[in-house]
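Chains as they are written, first to last, in my numbering: chain P, 1 to 283; chain H, 1 to 283; chain B, 1 to 283; chain L, 1 to 283; chain F, 1 to 283; chain Z, 1 to 283.
I should point out that these hints are in silico values taken from the structure, not numbers from a laboratory.
Any given hint might turn out to be false.
Same chains, same names: a pair is fine if it fits in one copy or spans any two.
[As the list claims (entries may be wrong)] Heads up, simulated BS3-like pairs for lysine-lysine below, C-alpha to C-alpha not over 30 Å straight-line:
1) K79 to K25
2) K256 to K74
3) K75 to K25
4) K160 to K192
5) K220 to K192
6) K192 to K25
7) K160 to K75
8) K74 to K25
9) K220 to K25
10) K25 to K160
11) K256 to K25
12) K75 to K192
13) K220 to K256
14) K256 to K192
One letter stands for each residue in the lines below.
Protein chains: 6
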Amino acid sequence: MQLSNAERAEVLIHALPYIQQYYNKIIVVKYGGNAMINDELRRDVMGDIVLLSLIGIKVVLVHGGGPEITDMLKKTGKKSEFVNGLRVTDAETVDIAQMVLAGKINKSLINLIQSTGGRAIGLCGLDGGMITARQLDPALGFVGEITEVNTEPITDLLEKGYIPVISTIGRDDEGNVYNINADTAAARIAGKLRAESLITMTDIAGILRDRDDPASLISKMNVSDAPQLMREGVISGGMIPKVECCIEAIRRGVGKVFIIDGRIPHAILIETLTDEGIGTMLV
Amino acid sequence: MQLSNAERAEVLIHALPYIQQYYNKIIVVKYGGNAMINDELRRDVMGDIVLLSLIGIKVVLVHGGGPEITDMLKKTGKKSEFVNGLRVTDAETVDIAQMVLAGKINKSLINLIQSTGGRAIGLCGLDGGMITARQLDPALGFVGEITEVNTEPITDLLEKGYIPVISTIGRDDEGNVYNINADTAAARIAGKLRAESLITMTDIAGILRDRDDPASLISKMNVSDAPQLMREGVISGGMIPKVECCIEAIRRGVGKVFIIDGRIPHAILIETLTDEGIGTMLV
Amino acid sequence: MQLSNAERAEVLIHALPYIQQYYNKIIVVKYGGNAMINDELRRDVMGDIVLLSLIGIKVVLVHGGGPEITDMLKKTGKKSEFVNGLRVTDAETVDIAQMVLAGKINKSLINLIQSTGGRAIGLCGLDGGMITARQLDPALGFVGEITEVNTEPITDLLEKGYIPVISTIGRDDEGNVYNINADTAAARIAGKLRAESLITMTDIAGILRDRDDPASLISKMNVSDAPQLMREGVISGGMIPKVECCIEAIRRGVGKVFIIDGRIPHAILIETLTDEGIGTMLV
Amino acid sequence: MQLSNAERAEVLIHALPYIQQYYNKIIVVKYGGNAMINDELRRDVMGDIVLLSLIGIKVVLVHGGGPEITDMLKKTGKKSEFVNGLRVTDAETVDIAQMVLAGKINKSLINLIQSTGGRAIGLCGLDGGMITARQLDPALGFVGEITEVNTEPITDLLEKGYIPVISTIGRDDEGNVYNINADTAAARIAGKLRAESLITMTDIAGILRDRDDPASLISKMNVSDAPQLMREGVISGGMIPKVECCIEAIRRGVGKVFIIDGRIPHAILIETLTDEGIGTMLV
Amino acid sequence: MQLSNAERAEVLIHALPYIQQYYNKIIVVKYGGNAMINDELRRDVMGDIVLLSLIGIKVVLVHGGGPEITDMLKKTGKKSEFVNGLRVTDAETVDIAQMVLAGKINKSLINLIQSTGGRAIGLCGLDGGMITARQLDPALGFVGEITEVNTEPITDLLEKGYIPVISTIGRDDEGNVYNINADTAAARIAGKLRAESLITMTDIAGILRDRDDPASLISKMNVSDAPQLMREGVISGGMIPKVECCIEAIRRGVGKVFIIDGRIPHAILIETLTDEGIGTMLV
Amino acid sequence: MQLSNAERAEVLIHALPYIQQYYNKIIVVKYGGNAMINDELRRDVMGDIVLLSLIGIKVVLVHGGGPEITDMLKKTGKKSEFVNGLRVTDAETVDIAQMVLAGKINKSLINLIQSTGGRAIGLCGLDGGMITARQLDPALGFVGEITEVNTEPITDLLEKGYIPVISTIGRDDEGNVYNINADTAAARIAGKLRAESLITMTDIAGILRDRDDPASLISKMNVSDAPQLMREGVISGGMIPKVECCIEAIRRGVGKVFIIDGRIPHAILIETLTDEGIGTMLV
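Could you build all of it, start to finish, from the sequences and the hints given here?
In structure tokens:
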């Protein structure tokens with residue numbers, strides 16, 4: 001793209017009303033999937049987040065990490081059991097999950113943000129007692145569901161000017177550690193923070209009426225339409241729990257929820273600072 | 001200009017290092033001439049300033065207003081005397097100057113900034129005792145030179161989140177009011193504020209080696225080269241006092257001083273948030 | 001008056017309970033008419049205000065300026081149309097009104113306060129989006145009625161220790177500027193600030209039962225008595241809208257409202273710091 | 001004195017420059033002698049102090065109490081020994097001194113200030129470890145000289161808006177209690193606080209060249225003139241240690257020191273808020 | 001007691017949950033009787049209070065002083081009248097009570113706290129207008145009952161890190177001074193402060209079912225059981241008003257009230273930082 | 001140990017002077033070795049730290065983790081190369097080190113502190129750009145030496161009331177990650193924080209003159225004696241770099257440095273809150 005600086009200035013000035021709309025508000029970004037694995041995309045996403053943070057938006061980053069946990073389990077020769085197709089998370093597995101999430105992925109995101117000129121501190125749900133959880137299902141072991149979110153560590157870091165980067169590990173009062181689904185955690189955190197918006201980055205183009213036709217994107221969807229779309233199979237498979245998390249977030253007070261395509265470079269900037277949404281907005 | 005939103009995002013992300021460089025720093029903009037008279041340009045300039053202010057830069061706007069003062073003198077039938085080609089500013093004239101600067105131009109800029117979503121408060125040198133002055137030359141009447149600048153009213157407004165818009169009227173301890181040259185005042189204010197940069201908007205393309213060749217623009221000029229350039233006539237006429245003010249600003253501690261072409265739309269944004277300077281930078 | 005210093009101390013100590021009563025409270029002073037035109041009275045009023053401000057009272061000064069606007073219209077040769085005896089305020093007229101109020105009168109009051117050792121900053125209704133207005137009557141042009149008062153710029157200045165001096169110009173969301181009646185604006189501002197008192201300075205002795213007998217002054221008047229006094233003609237002419245503004249102020253939460261005679265030197269001090277009211281108090 | 005309210009206002013406005021001069025500065029008042037014993041004078045002095053405090057001056061009151069200590073010693077039948085004409089302060093005596101100063105005089109001053117509408121808290125040198133002392137002379141028992149003043153308790157109270165009222169009792173690190181000369185303590189406290197002025201109230205008219213001629217008052221005295229005046233006997237007897245304390249205060253950084261006649265009603269107000277000093281000013 | 005340092009550490013670590021429970025909470029200690037007269041016990045109690053204060057508990061100390069007032073009355077030869085067995089408090093008596101409480105006992109406690117490394121400031125009910133009172137019974141003279149407690153002086157001192165030590169003297173709006181029962185005052189102050197607990201130190205072992213059998217201690221008592229226990233004579237004599245004060249404190253919002261045996265060394269520490277209560281807890 | 005509560009109180013009160021000495025000061029604890037691997041000791045150490053933090057001491061915990069890194073390398077089948085007996089840290093190794101330190105050990109310490117009622121947040125040197133490092137030796141790969149410590153993230157967390165728990169991973173400006181020796185990092189961090197003390201926990205009894213005789217413990221050692229003791233072989237092997245770090249800490253401004261035996265339960269409490277040091281103190 002060859003642009004004169006005049007054109008560049010033109011673009012910046014067009015972002016003004018969008019900046020004003022989010023000024024001093026909280027945006028929670030749920031980050032995972034391919035957008036996280038691809039090095040260049042990851043660099044782009046961190047750049048977007050640093051930019052939003054610099055122009056006065058309070059960004060909270062919640063990340064997942066399924067594939068990297070699987071890799072590490074393989075490397076350590078750990079065999080997983082499955083119950084109804086779901087992996088059983090025994091003590092050793094949750095230990096590795098915690099290590100990969102809070103020690104590897106989280107810190108590599110921190111490293112990227114710092115390299116881009118931002119200021120970030122990593123948190124997992126154990127830090128400052130942020131996420132309290134309980135066992136979801138005894139058959140699944142240390143898979144947790146959230147019983148309470150304490151956002152004080154998050155707001156303390158925001159107040160001091162840091163971008164909080166969150167791994168979704170939780171603990172119960174006995175000190176047991178649980179792996180928590182990152183979509184659910186992001187929704188709960190966004191709700192408790194009364195975030196202006198929750199942006200969920202996925203590996204698909206948003207919700208498509210016809211899976212094979214990108215032009216059939218549903219760009220705005222009312223929460224009340226979800227059940228019908230699920231019945232019709234438009235929302236199906238792995239998208240169902242994602243959409244349910246989004247609905248939960250809205251129910252808990254988040255202003256707007258976006259499911260966007262993380263494979264598009266600077267998808268977050270396009271969504272927040274231009275006039276065209278990409279992906280699907282739930283209201 | 002037809003740009004995809006991806007391209008727009010690309011532009012925004014390129015502004016990141018420039019935003020970081022000015023983050024939480026003070027920029028003083030001296031605003032006058034045609035850029036102020038042309039309605040569309042004026043709207044652009046105020047937009048630029050609101051944008052800079054939103055992304056965490058502390059902008060202080062100092063404006064002139066010669067032509068509008070002349071208009072009002074004409075309207076009121078006031079005849080001006082001249083000494084050595086300079087207009088004598090008698091009591092009635094300084095009264096009108098004050099009224100036009102602080103009551104008309106200043107407030108119309110405030111109005112535009114508020115309409116663009118910014119927050120601005122107007123100050124003249126009388127407010128909070130900001131500018132103390134004395135008579136420059138008895139033959140010229142109430143034309144003043146600055147003896148002291150009190151930046152407290154400016155920093156108080158910046159701290160409360162307002163963009164200070166300043167009319168360059170001053171007073172002495174007896175309460176006499178003086179008209180002050182806006183370039184000089186901007187330089188003094190920028191110096192006292194230890195501003196990161198002073199941007200002087202003019203009606204020319206910057207300092208040109210050959211007046212008729214825009215390509216001969218001197219984009220970076222060392223303060224020590226000024227005398228030579230004046231002797232050569234490269235800097236001449238009305239540009240001489242402007243350059244002297246710029247040099248004064250640097251001497252008083254301003255980081256960088258820019259003379260930019262106010263007729264170019266979004267000249268301020270181009271200068272601060274892109275990689276190419278326009279006009280001449282003095283260091 | 002020849003007083004020993006002992007007698008002077010005696011006077012000061014008698015002011016103690018009055019100072020205590022207003023300590024840290026807000027007093028809005030509506031200032032206009034002859035008290036504003038006469039140089040010596042103006043100096044006195046500003047002295048009173050600086051004194052009140054120094055002894056811990058938060059003073060907000062709202063000024064009018066009808067006669068000076070008329071003068072300037074004359075000077076510029078502007079002919080005014082009249083509808084039902086009311087001057088039509090076209091674009092040029094409101095421009096001149098703004099210029100005279102915010103650029104001349106306001107700044108000359110600031111100048112006087114600074115000369116007396118006070119600290120003041122001038123505001124008009126455009127600054128910080130303080131007064132939002134709409135057209136009162138299409139036939140009258142840019143005469144506005146207030147739709148909303150944002151007192152943040154006022155309280156921001158009070159907090160920083162300045163005396164806010166206010167010109168009653170307003171704007172609508174399109175940026176149109178309106179001239180606003182100063183009595184109304186003072187009442188609305190005092191109400192929104194929950195001021196302890198509103199002092200309206202006029203050119204008469206207060207409300208007199210018998211216009212020709214100063215001894216017939218009604219020193220305390222209940223709001224509920226106003227309709228009867230209007231029917232009887234005791235309150236008549238220009239006093240009617242003034243009294244209506246005062247009633248509005250009380251209805252909006254101002255503690256006490258005073259209509260005092262601005263022609264009496266130090267009328268404000270006498271009213272606030274001695275045991276005898278002058279003029280009429282509405283409760 | 002029969003004054004119109006206009007005249008009263010006139011007096012108030014004349015105090016303006018004096019108020020400005022002391023605004024937000026610290027004045028230490030050393031209070032003792034007859035001005036403290038006479039009920040009406042005491043009420044006057046407390047009124048003066050409340051007034052000064054209300055108009056933004058930070059007043060610190062240091063009191064003595066010799067005569068009342070003597071009374072209590074008599075009442076309890078305690079016989080005093082004398083060494084070279086100085087009373088020996090044994091354990092029982094210092095106990096009674098502490099009780100009378102901190103429990104009786106101090107609290108009765110607090111009571112008066114509160115009744116006049118001020119806010120005061122009493123301190124003795126033990127509170128917050130304010131005054132550390134050591135034995136002055138073994139022959140005199142528990143008479144102390146100050147080794148260190150900790151002004152934190154004073155500034156903490158000033159910051160919270162209280163008038164600190166101080167009894168000059170001190171302690172050493174072993175917890176022994178000493179009676180401290182109030183003039184000395186006031187000088188040391190004023191010095192450590194970098195007070196604007198120290199006002200010492202006495203029972204005489206100031207320093208007189210001719211003891212019998214009030215007209216011979218030395219209204220301004222340079223510190224360097226003191227030795228000569230002592231040699232000449234102009235400063236003699238009980239005035240010598242008082243003057244030495246004053247000199248000490250100036251040496252430790254107090255701006256101005258006044259020795260004033262506490263028998264004159266409102267002497268403090270006259271000294272601080274009018275144009276005529278009473279008593280002697282040391283510079 | 002011969003303990004290794006390992007055992008000492010063990011003890012400290014056992015206090016952890018108790019420290020956590022009281023962290024940043026307010027405890028009001030009512031202190032009087034023999035625990036105050038015995039020098040060693042007094043030193044112990046002050047040590048306990050400094051320790052509690054250092055580990056983050058906000059301690060407020062309210063003291064009595066009956067026996068020392070009686071001593072001083074004797075010393076000064078003051079004869080007391082009695083009405084129904086109660087001492088009549090005439091002007092001279094209340095003067096001595098004030099002097100002994102605020103000038104002697106209070107300051108000696110301050111002295112001890114400072115010597116133990118704490119930071120304390122003494123207050124009586126006159127300071128900062130803390131206790132407003134009225135005459136309880138004309139026949140008893142200056143014995144007061146509390147009409148209002150202003151806890152601002154207490155919270156101001158707590159905020160600045162001081163331990164407030166309070167003598168229970170009060171005043172009415174005319175400036176009359178009253179002696180106030182210390183148990184009642186402590187209950188009222190604790191209630192207004194919403195204290196976590198009120199600890200009343202007495203000379204007995206707590207409430208005993210059988211006065212002669214320490215083993216019959218009622219360690220926890222419900223407020224609703226009090227009337228029955230009074231009827232049975234278990235609570236009798238001087239204990240009745242003490243228990244009534246405790247009930248009043250609970251009614252006014254104090255969490256827990258303890259009546260403990262002040263003769264036991266470190267009774268306060270044992271009560272607050274170990275697992276065994278001593279004395280009687282009212283809930 | 002059977003202790004009465006009276007004896008427990010006695011112990012607590014004896015800790016008072018030690019608490020006072022460290023009040024509001026910073027203590028850096030370097031934690032590693034067996035004290036970290038043994039579950040019960042680990043629980044004890046975290047208890048000690050929570051207690052210190054509750055009683056007003058600012059504790060910063062720096063941990064190591066060599067053995068657990070070795071375990072994980074084994075588990076993942078990673079073979080290590082050695083150069084001169086030192087393990088070469090290739091990219092994969094530093095990745096695992098980061099994961100184990102910041103994701104496993106750090107978070108398990110956080111978990112324990114939270115379970116004990118403390119509030120902790122984990123940091124590694126990447127968070128907030130805390131530790132900047134460079135390659136120590138190309139032959140060793142990603143083993144780093146510290147070039148700069150930014151303590152802002154630490155003091156930000158302390159200010160918000162958290163116990164910072166630190167993994168000693170660093171980064172350079174290109175974003176390369178380095179494993180940093182924990183002893184060195186603790187010394188540098190303590191120095192930059194101007195800590196009151198640095199406590200290094202080891203697996204030995206301190207510095208012994210005769211390795212086989214615990215009674216030969218050198219309880220206090222002057223920094224200047226170190227070279228001689230090294231020559232004599234009293235300080236040898238792994239103790240040499242530890243002692244060098246301690247000396248570095250003192251050189252950089254830490255008050256006192258302790259090498260204590262982490263195998264003794266509550267060694268930290270014994271060292272800080274009792275009269276007997278354990279281990280060796282360097283001054």
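Verification of the supplied hints:
| no. | hint | verdict |
| --- | --- | --- |
| 1 | K79 to K25 | neither (44 Å within a copy, 49 Å between copies) |
| 2 | K256 to K74 | neither (39 Å within a copy, 47 Å between copies) |
| 3 | K75 to K25 | neither (42 Å within a copy, 45 Å between copies) |
| 4 | K160 to K192 | both (19 Å within a copy, 20 Å between copies) |
| 5 | K220 to K192 | within (24 Å within a copy, 40 Å between copies) |
| 6 | K192 to K25 | both (14 Å within a copy, 27 Å between copies) |
| 7 | K160 to K75 | neither (39 Å within a copy, 39 Å between copies) |
| 8 | K74 to K25 | neither (41 Å within a copy, 47 Å between copies) |
| 9 | K220 to K25 | within (22 Å within a copy, 40 Å between copies) |
| 10 | K25 to K160 | both (15 Å within a copy, 18 Å between copies) |
| 11 | K256 to K25 | within (12 Å within a copy, 33 Å between copies) |
| 12 | K75 to K192 | neither (37 Å within a copy, 40 Å between copies) |
| 13 | K220 to K256 | within (11 Å within a copy, 47 Å between copies) |
| 14 | K256 to K192 | within (14 Å within a copy, 33 Å between copies) |
Going down the numbered hints, you'll see the structure goes against 1, 2, 3, 7, 8, 12, while the others check out.
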